[in-house]
Each structure stands twice: as C-alpha cells, then as structure tokens.
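Given the sequences, and given the hints that come with them, work out the whole structure.
Chain by chain, the residues:
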Amino acid sequence: MNTIKLMLSATALTSVVASAVAAETTFRYGFQGSLGSLDPYSLSETFTLGTLTNVYEGLTRRDENLQIQPGLAESWEIIEPTRWRFNLRQGVKFHNGNDFTAADVVFSANRVRSEGSDLKARIPTDAEFIAVDDHTVDVVLSSANPILHSEWHTWMIVDQEWTVTTDSVQVTTAADTSVTTISQETNGTGPFMIAEHTTGVETNFTANAGWWGWNGKAPNVDRVEFKTIAADATRVAALLSGEMDLVYPVPPQDIGRVESNAATSALVGPELRTIFLGMDQARDVLTYSNVTDANPLQDVRVRQAFYHAIDAVAISARIMRGQATPSALMLAPSLFSGSGAFERLAYDPELSKQLLADAGYPDGFEIQLDCPNDRYVNDEAICQAVAAMMARAGITVNVNAQPKAQFFARVLAAGGYDTSFYLLGWSPSSFDSWNVLTQLHGCRTQNEGTGPFNIGGYCNLKVDELAAQVLVENDAAKRDELIAQAYKMTTDDVAYLPLHQQGLAWGVSEKFSVAQRADNIFRFSLITAAK
Amino acid sequence: MIAFVIRRIIQSIIVIMVVGLVAFVMFRFVGDPVNQMVGLETSIADRELLREQLGLNQPLIVQYWHFISNAAQGDFGTSYQYRRPVSEILGERLPATLELALVSAIFAIAAGIPMGVYTALYRDSVLSNIFLTVSLIGISLPSFLVGILLIFIFSVHLQWLPSFGRGEVVDLGWWSTGLLTATGLKAIILPAITLGLFQMTLIMRLVRSEMMEVLRTDFVKFAKARGLKTRVVHFGHALKNTMIPVITITGLQFGSIIAFAIITETVFQWPGSGLLFLQAVQNVDVPIMAAYLLMIAFLFVLINLIVDVLYVVVDPRIRLEGS
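Heads up: the sequence lines are chains F and L, in that order.
The first sequence begins at 1 in the UniProt record's numbering and counts up one residue at a time.
The second sequence begins at 1 in the UniProt record's numbering and counts up one residue at a time.
Hints were generated in silico from the structure; no laboratory data involved.
Covered by chain L, according to a simulated footprint, are these stretches of chain F (three or more residues, beta-carbon under 8 Å):
{"hint": "1", "segment": "38 to 45"}
{"hint": "2", "segment": "112 to 120"}
{"hint": "3", "segment": "187 to 201"}
{"hint": "4", "segment": "220 to 232"}
{"hint": "5", "segment": "413 to 420"}
If you want the footprint, here are the derived chain L segments under chain F, 3+ residues with CB under 8 Å:
{"hint": "6", "segment": "37 to 48"}
{"hint": "7", "segment": "84 to 91"}
{"hint": "8", "segment": "152 to 164"}
{"hint": "9", "segment": "258 to 270"}
Using N, Cα and C, we set each Cβ at its ideal position, and we do this for glycine too.
Here is the structure:
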C-alpha cells in the first residue's frame with residue numbers, strides 16, 4: 001500500500017516537473033543533411049553556414065526577403081569610392097562575455113582569408129581592414145566594389161581573444177589531424193548558443209537572452225533542437241506524427257499529404273537555385289556523341305534547336321508537380337530588376353527540327369546527358385523527361401544519372417570537364433548577377449581563375465568585358481543596364497538552357513510559424529509560436 | 001590445438017588486409033572526396049592544395065600502406081566530413097548499433113523458437129498457417145519497406161511509438177545506452193522488429209523443420225513408448241536436439257545483423273555505425289568507409305574464429321585432421 005502511495009506521489013511530482021518544463025518553448029526541426037564542423041570558415045555550404053548564422057553574426061544580415069539589413073554593423077557608408085566605413089554596434093557581447101570590438105572584425109577579416117579557409121572569396125584579398133576606433137572599421141579597396149558586403153551575412157565575426165586562447169586561429173581543414181576547439185564549440189554574438197552537439201546526429205541550441213536583437217523582450221523560443229533525418233519518408237513521418245515542428249525539404253509528392261494533415265501545413269516558395277542544362281562548346285569534337293568529326297553544339301542553331309525542343313512548362317508542372325517556375329535567365333528573377341524583359345524561347349519541336357536541318361543534321365544525332373541523381377529535386381526525372389522531349393525533335397539523348405559524388409568528380413574542373421551535355425543547379429552566393437556572369441559565363445581559357453563552373457566552356461569576350469565593368473560600377477542604375485546588356489548577349493548566344501527555379505518546400509506544424517527565405521536558410525529568431 | 005588457433009589467426013589477419021585493399025581499390029570509384037569537402041566556389045588551386053595535404057595524389061598502394069600501418073596502431077585518420085578522429089566517431093556510434101543488433105537478435109530468438117515449435121507440433125492448425133504466411137512476408141519483403149510500413153502504422157496513425165532516432169540516452173562511461181529510459185525503450189521497438197524480422201522467420205523455419213525431423217526419430221518414439229509426458233518429450237528431448245543448428249545459425253547471423261543494420265538505421269535515422277557508413281559513402285568520406293569496412297571484416301572474422309575454435313572443442317574429428 002505504502003509503495004503505491006509513494007508511486008502515486010512520485011507520478012504527481014513528475015507531472016508537476018513536466019508542466020514546468022512545458023512552459024519553456026522548444027522548437028524541434030529536422031533536415032536531410034548534417035552539421036559537420038562548427039568552425040564558421042571551414043565549409044562554404046548553405047546549410048552549415050545558414051545554421052551557424054543563428055549563433056554567430058556578420059556585420060550585415062539578410063531579412064526574410066533577403067534584403068541587406070544592419071547586423072553587427074549599425075550603419076555603413078562609402079566615404080570614397082574605394083573606402084567603406086562601418087560603424088559597429090555598441091554594447092554587444094560574445095556568449096562568453098567578451099565585448100565585441102573593431103579588433104574582432106579585423107581579426108576575423110584576416111582569419112577568413114587565411115590558409116585553409118573555404119570562405120576566402122567573401123573579401124577581396126587586397127582589401128585592408130583598419131580599426132579607426134573601438135567601434136569603427138574602415139575597409140580600403142584597390143578598386144571600387146559595389147557588392148563588397150553582399151555575402152557578409154555569412155561571413156561571421158569570431159572573438160579574437162577566445163579564438164587565440166583556445167588555439168583555434170588556424171582554420172580547421174579536412175587535412176587537419178588535430179581537433180581544434182572552434183570546430184567543436186562556438187562563441188558568437190547571435191541569438192542562440194549551442195548547448196550540445198553530437199556530430200552528424202543532433203545539435204541543441206538554447207536562447208541567448210542577452211542578444212541585442214531581442215530589444216529587451218524575452219526570446220521567441222527557449223530551445224531549438226535540430227536532428228538529421230536523411231530518409232525522405234522518415235522525415236515526413238516525423239512531422240506528421242508530431243515529433244517535429246519543422247522538416248525540410250519535403251519531396252514534391254508528399255506535399256499533398258502534409259497539407260491534408262490537420263496539424264501540419266506545407267510552406268512552399270521559390271528558391272534562388274536555377275536548374276539548367278549546359279552544353280560543351282569548347283571541344284572541337286564532342287566526347288559523348290555519335291558525331292565524331294565536329295562539335296554540333298558550337299553552332300548556335302543547334303543550341304537553339306535544343307532549347308526549342310524542351311518544354312520547361314511541362315517539366316515544372318508534371319515532374320516538379322508545380323513546385324518550380326520556368327526561367328528565362330540563369331538567375332532568379334527576384335535578384336535582377338531587369339529580368340522581366342527576358343522570355344524563354346517557345347517550345348516548338350517542329351522549329352527545332354528545322355534548325356537542326358539548317359545546321360546540317362536533318363536526322364538529328366545522339367548525345368549523352370550527364371545528370372546527378374541525389375543533388376537537386378527530382379534531378380534524374382527531369383533528365384529523363386528532357387530525353388523524351390528531345391527525341392521528338394530527332395535528338396537521341398542517353399541519360400547517364402550518377403550519384404553527386406561521382407557526377408561532380410567528372411564534370412567539374414578536377415575531372416577535366418568530362419561531359420558533353422549536363423544538368424546543373426546554381427544559386428549565386430552573392431545574390432548578384434556578377435557572380436553568374438563570371439562563374440558560369442566567364443571565358444575559361446583566359447586564365448585559370450575565371451569561369452571555374454563554366455563547364456560547357458562558353459566564351460564571349462564582350463560578356464567578359466561587360467562583367468569587368470559591372471564589378472566596379474557603383475551607380476545602381478548604370479550597373480543594371482550593363483547587366484542587361486550582358487544577359488542579352490548570353491541569351492542570344494544560347495549559352496545555356498535554363499529550365500526552372502527550383503521550389504522550396506518545408507513542412508511546418510500548426511503550433512509555429514516560420515519565415516522561409518529563398519536561399520533556404522532557416523533563422524531561429526523569426527520563429528513565432530501560434531497562440 | 002594452439003597451432004590450429006595460431007594458424008586461424010594468421011588467416012584472419014590476411015582476410016582483414018585483403019578486405020582493406022579491396023575497399024581501397026573501390027574508393028577510386030566512389031567519387032572525388034575534395035569536391036564534398038569544400039564549397040562550390042573554392043578555387044582550383046585551393047582544391048589541389050587540399051588534395052596534396054590529404055595525400056590523395058599519392059599512388060594507391062602508398063595510401064593503403066599509410067592507412068594499414070596507422071590502423072594497426074589504432075589510428076583511423078580524421079573524418080573528411082566532421083573533422084574529428086574516426087575512431088572517436090565510430091566509438092560514439094557503435095553502442096547504438098550493437099544495442100539494436102542485440103535487441104533484434106533477442107526478439108528473433110524469443111519469437112522465432114516458440115513459433116517454430118508450435119508450427120511443428122500443430123502442423124495443420126489455423127494459427128500455424130498464419131505464422132507460416134507471416135514468415136513468408138517477413139522473408140520476401142525488403143526491410144526498408146517493412147520499416148516504412150511500421151512507421152506509418154505505429155507512428156503516424158496510432159502515434160504510439162517514435163518514428164526515428166534513439167530517444168534519450170544515458171551515458172555509462174564510454175557506452176551510451178537507450179535501454180534505461182522510457183523514450184529509449186519505445187524508440188528501439190520498431191527498428192528492432194524491422195531488423196529482426198528476417199532472422200525471426202529464419203529461426204522459426206529452421207526450428208520447425210529440425211523439430212519435425214527429430215520428432216520422427218527412434219528415440220522420441222521410444223520416449224513416448226516409455227510413457228513420458230508429451231510436454232517432457234517435446235521440450236525436454238526433441239527441442240534440445242534441435243537447438244544445435246539453431247545456435248550455430250544465430251551466432252553466425254549476428255554478424256550479418258550488424259552489417260544489415262545499415263538499411264534499418266537509415267529508415268529509422270538510428271544514430272549507429274551503419275547510418276554513419278551510408279552517409280560516408282554519399283559524401284566520399286574515405287576514412288570512415290575504410291574504418292567501417294575493416295571493423296565489419298574484423299567482426300565476421302572474430303565470430304568465425306570463435307565458431308571454429310568451438311567446433312574443435314566440440315568435435316574431436318576436426319582436431320584429428322588438424323594434427
């Protein structure tokens with residue numbers, strides 16, 4: 001009898017404790033990938049950096065609509081064309097209690113450009129950082145650069161004193177055999193702190209009540225728990241069963257299921273990533289084709305024929321189940337003011353046949369399409385649809401779908417651009433056209449550093465000239481005009497075959513609402529609990 | 001006897017070395033690790049530098065030699081993805097896999113033997129037919145499908161059991177266990193059934209056929225003729241004699257339970273070594289792949305070695321051939 005009483009009171013006690021814990025809001029989310037090193041300069045990859053921006057902060061931030069907002073810098077101005085002044089936020093403290101000062105910014109600027117950093121491109125190598133006083137930093141450039149700060153929301157500021165004393169100045173690279181503190185622990189200024197981190201399994205965050213951005217209010221949630229759930233079906237099941245408050249990505253075929261469940265809803269929106277097909281225009285003879293004496297893709301008519309043969313609207317509607325928008329440009333329309341002026345070439349297999357005949361291939365030809373099968377949403381299915389569509393125009397496309405690890409090893413520079421026709425996705429890390437013009441359209445032959453992702457080897461010197469002007473033009477209107485000119489040339493040349501902007505799909509519990517950013521970065525401070 | 005064991009151990013070492021070499025040759029075809037280790041915009045020069053630092057430019061046989069000689073000293077290198085020593089990560093993940101394998105083996109035995117006995121004794125009953133049909137499903141359905149079905153029934157619809165993960169774990173020194181917490185126990189049920197289903201049907205069918213065989217033998221008939229109780233004849237005499245092959249198979253299958261856990265761990269996001277291996281394959285994390293394969297090879301070799309030694313102890317004929 002006594003034991004039963006004891007057990008009863010014990011149960012009562014636990015339920016009291018449980019309700020006290022429940023008053024604290026916990027937000028649980030699952031993503032397909034995992035968090036590797038916690039060093040914010042180790043890997044330039046969206047999920048890693050995006051997650052760490054909840055812990056560390058940059059001088060700037062991006063809001064829900066990706067507009068640049070003040071972060072650790074309250075304001076900035078271009079005092080001379082090549083000299084920027086950043087006024088730092090005062091009274092900000094790192095999680096360990098250290099003050100945030102100009103010295104930390106200068107230190108971080110040097111560290112992010114040091115050996116082993118994967119984020120060297122965030123700052124021009126010859127930019128000089130000068131601490132004017134404790135809360136003012138000047139950046140002196142060798143030439144004007146209107147998009148200097150465009151990627152600084154993911155260049156996070158680390159604490160000089162902490163990094164030095166924990167022996168973490170050297171950026172952790174994969175070649176290191178010793179484990180540094182900064183790759184396993186964090187010390188930022190951001191709204192959340194990492195409480196527990198189990199490599200590749202889960203990471204738990206607790207709110208930093210002293211964060212400047214709460215503006216004196218209590219944090220929106222007290223605790224955030226992240227877990228990796230790699231299998232699509234399991235991830236969706238975890239949301240439907242109420243074990244998770246947010247999961248992403250939700251595969252297109254499961255969106256209906258998430259919507260029809262009363263306790264969950266799907267949050268969909270356009271992503272910045274453009275899915276496109278590229279064509280080898282560099283080699284004199286294609287490697288993977290039955291045309292052995294010439295490269296038909298060097299003829300603009302053949303490239304136009306390819307374009308007209310593909311029904312991108314049908315791909316977006318059927319393969320992507322509406323979770324994509326057909327695109328005419330090689331970057332998301334929201335990132336360029338003049339994108340409305342560009343339109344896709346119409347789907348017209350007859351015209352396509354005509355163009356092929358004009359180019360000397362009345363019976364079409366055979367070509368291999370290289371395609372990843374685990375990188376983009378429905379990537380392999382897109383390639384198969386493309387093959388079926390192009391068959392109608394007389395072009396025989398053999399799809400070669402491979403896991404991303406093998407695919408990238410072959411088609412990128414390290415593999416010697418070993419492809420004739422390929423599918424790729426691109427989102428400009430700076431959210432700006434200059435990135436697209438140089439990385440995807442810049443001539444590869446000029447020097448090794450340019451156009452590293454121009455796998456097809458498209459080359460138009462006039463486009464390169466325009467890109468060089470775009471880089472240094474501080475006047476926004478003039479700059480957009482130059483960009484439009486460059487895009488006019490690349491689309492007339494049919495440098496690429498853009499397909500669509502991939503859609504984002506998150507599954508969210510009705511208990512919370514979250515902000516979905518087009519760059520697929522999830523910011524914890526924008527979670528709101530439903531009342 | 002000692003000579004026999006020593007010879008076996010030398011053979012085992014050779015097997016492990018060969019597995020390591022085969023694995024290394026295969027790694028050439030899984031892709032370029034450097035691509036997975038840097039962001040998209042890292043320059044070609046930086047990529048080359050990293051390749052050089054990692055020793056990926058060295059001939060295969062040199063890389064293999066470095067790996068084997070370091071592994072012999074317990075150093076499996078640093079994971080490309082996580083930038084931490086592989087031995088440390090494997091050590092963290094192994095308890096989860098071993099616990100899952102153990103629980104599913106227990107489930108397979110505890111359910112498989114009674115079902116096997118029942119179906120042997122009451123061959124034509126309705127329940128026997130149900131058991132046999134279920135076992136057919138267990139053998140023919142792939143385990144990822146079984147896992148997903150269980151998740152949709154017990155997690156999404158009934159919401160009784162968690163759909164993924166290990167629940168809360170308790171750290172006992174270097175071993176972390178989920179068997180001491182309520183959430184941990186709930187979390188292991190579905191993965192253990194998924195992983196153990198195949199073994200369960202195997203054991204059930206094995207017990208059934210062995211039992212039917214034994215029931216026909218003379219000593220059982222004689223025992224019946226002596227007027228012994230049916231229960232004693234069935235469980236005291238017949239079942240005991242069916243156990244020898246069952247124990248052998250169960251022991252040998254334990255290795256494959258651990259190896260097959262890869263699929264179950266993926267479906268249930270079970271944070272064990274199988275899931276770690278699969279993610280390593282996707283990300284071309286060569287040090288983890290190599291260490292995992294060696295570990296599995298070691299496990300199989302160890303189990304086989306123990307079985308061999310036990311045979312020698314049990315069966316004098318082998319001992320005679322050896323000497």
